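Visitor: Letter by letter, the chains look like this.
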Amino acid sequence: MVVWTEFERSTIQDIFSKINYDVVGPAALSRCLIVYPWTQRYFGGFGNLYNAAAIMENPKVAAHGRVVLKGLELAQKNMDSIKATFADLSKLHSEKLLVDPDNFKLLTDCLAIVVAAELGEDFTAEVHAVFQKFLAVVVASLRKQYY
Amino acid sequence: MSLTDKDKAAVKALWAKISKSADAIGADALGRMIVAYPQTKTYFSHWPSTSYGSAPVMKHGKDIMGGVVLAVSKIDNLVAGLLDLSELHAFKLRVDPANFKLMAHCIMVSIATKFPAEFSPQAHVALDKFLANLALALSEKYR
Chain A
1 MVVWTEFERS
11 TIQDIFSKIN
21 YDVVGPAALS
31 RCLIVYPWTQ
41 RYFGGFGNLY
51 NAAAIMENPK
61 VAAHGRVVLK
71 GLELAQKNMD
81 SIKATFADLS
91 KLHSEKLLVD
101 PDNFKLLTDC
111 LAIVVAAELG
121 EDFTAEVHAV
131 FQKFLAVVVA
141 SLRKQYY
Chain B
1001 MSLTDKDKAA
1011 VKALWAKISK
1021 SADAIGADAL
1031 GRMIVAYPQT
1041 KTYFSHWPST
1051 SYGSAPVMKH
1061 GKDIMGGVVL
1071 AVSKIDNLVA
1081 GLLDLSELHA
1091 FKLRVDPANF
1101 KLMAHCIMVS
1111 IATKFPAEFS
1121 PQAHVALDKF
1131 LANLALALSE
1141 KYR
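Protein chains in written order, with this note's numbering: chain A, 1 to 147; chain B, 1001 to 1143.
Since the hints were derived computationally from the structure, they do not count as laboratory data.
If you're wondering where the values come from, they're calculated on a predicted model, not measured in any experiment.
Mixed in with the good hints there might be a few duds.
[Unchecked claim] List time: in silico EDC-like cross-link candidates among lysine to aspartate or glutamate, alpha-carbon distance up to 16 Å:
{"hint": "1", "chain 1": "A", "residue 1": "77", "chain 2": "A", "residue 2": "8"}
{"hint": "2", "chain 1": "B", "residue 1": "1101", "chain 2": "A", "residue 2": "102"}
{"hint": "3", "chain 1": "A", "residue 1": "133", "chain 2": "A", "residue 2": "73"}
{"hint": "4", "chain 1": "A", "residue 1": "105", "chain 2": "B", "residue 2": "1128"}
{"hint": "5", "chain 1": "A", "residue 1": "133", "chain 2": "A", "residue 2": "80"}
{"hint": "6", "chain 1": "B", "residue 1": "1074", "chain 2": "B", "residue 2": "1007"}
{"hint": "7", "chain 1": "B", "residue 1": "1059", "chain 2": "B", "residue 2": "1128"}
{"hint": "8", "chain 1": "B", "residue 1": "1059", "chain 2": "B", "residue 2": "1023"}
{"hint": "9", "chain 1": "B", "residue 1": "1114", "chain 2": "A", "residue 2": "73"}
{"hint": "10", "chain 1": "A", "residue 1": "18", "chain 2": "A", "residue 2": "102"}
{"hint": "11", "chain 1": "B", "residue 1": "1114", "chain 2": "A", "residue 2": "118"}
{"hint": "12", "chain 1": "A", "residue 1": "60", "chain 2": "A", "residue 2": "121"}
{"hint": "13", "chain 1": "B", "residue 1": "1062", "chain 2": "B", "residue 2": "1076"}
{"hint": "14", "chain 1": "B", "residue 1": "1114", "chain 2": "A", "residue 2": "8"}
{"hint": "15", "chain 1": "B", "residue 1": "1006", "chain 2": "B", "residue 2": "1084"}
Working from the sequences, and respecting the hints, build out all of it.
Guide: See below:
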């Protein structure tokens, strides 16, 4: 069971209240597709991913970025049971989407950088540490149903 | 995933914009890494303090960025250019190379907080590749 301190709970809540979902979700996913281009393998139906500009302007990428962030918000709202909350999502990624779970870390690394850019100096070392812990729990939960 | 001419140009362009903050970035990045990945503290048990902003952290962050600056100047042949540093890390410091990834991530987070506009996705991919190649050059002499 993951143990969260009061500081960690309030920090995660604070981050989610400050970030603009319409900016962060799309930015994180498009960054992932640009910085780690092999992740594009999962988005064959998304149309033009030919270069960075195309990826950043692609409406399907933006829409899916928002979906991903909504998923993270679900984790934030259920911090004491992320593993249970994500059981179905984990099965989906494993059995239907067939995503290599090592990719989850690539996306969360991009998320950390996008949130850092959004929050600037407010993204202190302590806030950063809490966010990495939260993302690590999310990633572990998404990996859980793989076999 | 070796560096193309486009990557090298992008790294140098980004570096030109951020180099005057190198010391601050180094201190921030190292401080962050120690807080966010406490297992890295094990390498610094000889310091009086590992707290964010403490003197040893700030000085060592500066030293690390000095290494990055050197690497930018040797971007056309990182393995040759970083030979001495590689020997230092291989035989004396013996830092597990997995930690280089953590440091690289924290350097990029630090740059993102201080230079959000400059650290575009295009700059990010070039820098990510550069730091990965730097880490490889640094671990060249390990075995």
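Visitor: Now, for every hint given, state plainly whether the structure supports it.
Guide: Okay, the hints, checked on the actual structure:
no. : hint              : verdict
1   : A:77 <-> A:8      : holds, 13 Å
2   : B:1101 <-> A:102  : holds, 15 Å
3   : A:133 <-> A:73    : holds, 15 Å
4   : A:105 <-> B:1128  : holds, 14 Å
5   : A:133 <-> A:80    : holds, 13 Å
6   : B:1074 <-> B:1007 : holds, 14 Å
7   : B:1059 <-> B:1128 : violated, 24 Å
8   : B:1059 <-> B:1023 : holds, 8 Å
9   : B:1114 <-> A:73   : violated, 26 Å
10  : A:18 <-> A:102    : violated, 28 Å
11  : B:1114 <-> A:118  : holds, 10 Å
12  : A:60 <-> A:121    : violated, 31 Å
13  : B:1062 <-> B:1076 : violated, 23 Å
14  : B:1114 <-> A:8    : violated, 23 Å
15  : B:1006 <-> B:1084 : violated, 27 Å
Checked against the numbered hints given earlier, this structure breaks hints 7, 9, 10, 12, 13, 14 and 15; the rest are met.
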